[in-house]
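Visitor: Start from chain R and add chains U and G according to the hints.
Chains as they are written, first to last, in numbering that gives the first Met the number 0: chain R, 0 to 343; chain U, 0 to 269; chain G, 0 to 137.
What the hints contain is simulated information worked out from the structure, not anything from laboratory work.
Careful, some of the hints might be misleading.
Restricting the straight-line Cα-Cα distance to at most 25 Å, the calculated cross-link-like pairs of lysine-lysine (PhoX-like) are [said to hold, decoys possible]:
hint: 1; chain 1: R; residue 1: Lys246; chain 2: U; residue 2: Lys250
hint: 2; chain 1: U; residue 1: Lys155; chain 2: R; residue 2: Lys323
hint: 3; chain 1: R; residue 1: Lys246; chain 2: U; residue 2: Lys113
hint: 4; chain 1: G; residue 1: Lys39; chain 2: G; residue 2: Lys59
hint: 5; chain 1: U; residue 1: Lys155; chain 2: G; residue 2: Lys85
hint: 6; chain 1: U; residue 1: Lys265; chain 2: R; residue 2: Lys324
hint: 7; chain 1: G; residue 1: Lys107; chain 2: R; residue 2: Lys324
hint: 8; chain 1: R; residue 1: Lys294; chain 2: U; residue 2: Lys155
hint: 9; chain 1: U; residue 1: Lys97; chain 2: G; residue 2: Lys85
hint: 10; chain 1: G; residue 1: Lys85; chain 2: R; residue 2: Lys323
hint: 11; chain 1: R; residue 1: Lys332; chain 2: U; residue 2: Lys113
hint: 12; chain 1: U; residue 1: Lys113; chain 2: G; residue 2: Lys107
Coverage of chain G stretches by chain R, computed from C-beta distances (three or more under 8 Å per stretch; other residues unrestricted) [claimed, not checked]:
hint: 13; stretch: 32-46
hint: 14; stretch: 53-64
hint: 15; stretch: 74-83
hint: 16; stretch: 115-123
Glycine included, every Cβ here is placed at the ideal spot set by N, Cα and C.
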Amino acid sequence: MHSRFRSSMRITIAIALAATALVPALAQGQKATKSWSMPKTPDGVPDLQGYWTNNSYTPLERPKDVTKEFYTKDELKVVEKAAAAREAEQTEPGTVADVHYDFTQFGLDRSQTRLTENMRTSMIIDPPDGKLPAVTAEGQKRAADRAAERRAQGAQYDKVQNIVLGSRCIFMNAGPPMMPPGYNPAYQIVQGPGVVMILIEMLHEVRVIPTDGRPHAPASVRSWLGDARGHWEGDTLVVETTNFNDKAAFRGASENMKVVERFTRLSDDEIRYQFTVTDPSTWERPWTAQMPFAKINGPIFEHACHEGNYGIANTLAGARLAEKKATEDAAKKGGDATKKTGDK
Amino acid sequence: MHPRLVGTIVLAVGLLVPLLISAQGPSPTAAYRAPRTKDGKPNINGVWQALNEANWDLEGHGAAPGPFWQLGAEFAVPPSLGVVEGGTIPYKPEALQKRKTNFADRMHLDPEVKCYLPGVPRAMYMPHPFQIVQSTDYTMMAFEYAGALRTIYMNKQQAPADSWMGWSNGRWEGETLVIDTTDFNDQSWFDRAGNFHSEALHVVERLTPASPDHLNYEATIEDPNVFTRPWKISMPLYRRVDRNAQILEFKCVEFAEDVIYGALRKVPLK
Amino acid sequence: MRLMSRIAITSMLVALAAAPLWAHHAFSSEFDVAKPITLKGTLTKWEMINPHSWFHLDVKNPDGTVTQWMIEGGSPNTLIRLGVTKYTVKLGTELTIEGYQAKEASNKAVGRNFILADGTRLFLSLSGAVPGSGAPEK
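Same shape as in the complex, but just chain R:
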């Protein structure tokens, strides 16, 4: 079934794509330090506007056998090429991994969106070992309680509420903090007087961040994306977000999590994005991570995920059909001693 065609074509394409994606990064590195001044909006604040991506192969935590903070340029090339080839790898027909449209055909593998240039071995810059701090006893108990609650709800396809949040089109990478999604890693920033708006492509999330000094909403007003308040410190936009609900649970966090993000435009082409997560009921200490946002072409097309979510209905219907068939097969096998299928 075209398997030889697939393997040679795909790897060739993947390597060509990986090489193409690296070109802008190299060009940037070799650019002479021309004097660049911070562009300002008509209201006189730093201009962060445009379309951006945080597309990256950099993991949140430093990999197990890596101890240094930065790769060399050559090491990074090897790492990115290998990761791109892995994404475009052929899947074996008849395996579970093959039951999916091919990402590269739809431009959805990471090598087909501009890769941000990041020499770091992890996004986490503090703690200095590049790893998450220890989880508190309270955080561990909360994780165990959440897992137990999930198990008590039954199997994944018993009802839609048991399916993972991203598949239900409820919550994914918007955070804050804004993490790279698996694909469509696109953002748009628009600034008006006293407000910064960030549009996150996946699930079409909109963050409207006032910078006019108003207080946070009352503690009783909780939400998935929390309540954000921004202000300028020199040329850096600092955004503090609180008022999370207890379901957003970023990396196991509680509703008391506070996220402080810092956006600094470094050039025409790049914004440095840094965030600090503080949640004493989950981590022993605050932790900080950093990633570049690089400029891309637009547009961001409407990501009406819930509206187009045929897959949920298809999957639930398939599960019900399988149960019905199992019941019928058991009935055929002999009437009274029917084994109940997986019910909870």
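Guide: The following block gives chains U and G in isolation, referenced to the frame of chain R:
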């Protein structure tokens, strides 16, 4: 010039000017000039909300019971003079029949029940506030309901594909923001009463600041598959002047999932 | 200069998620790995929607009847940034689909590969679509 002729001309102009102004809709007799943004455009930044019953039914209607008697007066239909100029929506006969069947089954068919995107112009008169953020190249409208968003391109762009909220190009004509929206899918409704459209929908809106705290809003709706001619709605949009007014988060997917998927549960909901 | 050891690279790759793993799991619950199919049909509609797009095809059966199939593909959003529009794939385009049938319906499938009449795979061979060029033109 003869003084009496001058006097006649002055009188004629004096009578005509207020007529010309009032012909544009419910505005005060002197045209209001909004403060400007730093790049010289009328400033319509802020949090706005319609204060009417258009989302129940665009056409005028009396009070009516709601679909669930258990909710008593709380979910009954409030009365409205209507927002359609001329009173009724000019449906083609077969389309009017479809509006009737939509209405009869509205609790299953209304996209709002399922937390689907509201489309245009319905987003503008949902019972939730929305926020306008103006930059030079974009006028963004962020809606509290379902986190819906409209991107109004101020440098005309062509739509790549069809969508729930359509594709909007905007330009300023004096004090009025004119928004031209096309490339809709056929999925959204105009209200809870089953008023609908096809993929051929074309909406032209005019937003005009009329005072520091309200805009005059008009939308001309055209769809040759459904209506016999274009028709227009109009209403004020009021600024939310509450202290620290902001749009909040109304992620309603969780509230709607059992409506959509409840019948597919392993243990069906009753 | 010494490059990273092979072990370091391997463990780094392991740390990276190539794509959300849950996505693959959900697909094998929606479509049946034991029911691979190859179909040839003509495109009647490409729903450019999220989270996944859907291709509607008229497929001629051996007995001469026609079945309307729905084939799942990827989100169109990155393709749109690469220049693809609703006019790119013409209605009536002949497509061969290699994929897996849905568990709950006989005329739905996920398309692993979408192959045009000339043997190339859809979108990868479009002139004007330049993969990897997401950086804006200077």
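Visitor: None of the hints should be skipped; say for each whether it holds.
Guide: Each hint, compared with the structure:
1. R:Lys246 with U:Lys250: Roughly 13 Å separates the two Cα atoms, so the pair holds.
2. U:Lys155 with R:Lys323: 54 Å, violated
3. R:Lys246 with U:Lys113: 21 Å, holds
4. G:Lys39 with G:Lys59: 8 Å, holds
5. U:Lys155 with G:Lys85: 18 Å, holds
6. U:Lys265 with R:Lys324: Measuring from Cα to Cα gives roughly 14 Å; hence the hint holds.
7. G:Lys107 with R:Lys324: The given pair, whose Cα atoms are some 19 Å apart, holds under the 25 Å limit.
8. R:Lys294 with U:Lys155: With Cα atoms ~21 Å apart, R:Lys294 and U:Lys155 stay inside 25 Å; holds.
9. U:Lys97 with G:Lys85: 28 Å, violated
10. G:Lys85 with R:Lys323: 40 Å, violated
11. R:Lys332 with U:Lys113: 42 Å, violated
12. U:Lys113 with G:Lys107: 24 Å, holds
13. 32-46: Holds: 4 residues of the stretch 32-46 of chain G have a Cβ under 8 Å from chain R.
14. 53-64: It is violated: at least three residues are needed, and the stretch 53-64 of chain G offers just 1 whose Cβ sits closer than 8 Å to chain R.
15. 74-83: holds (count 8)
16. 115-123: Contact hint for the stretch 115-123 of chain G vs chain R: holds, 4 residues under 8 Å.
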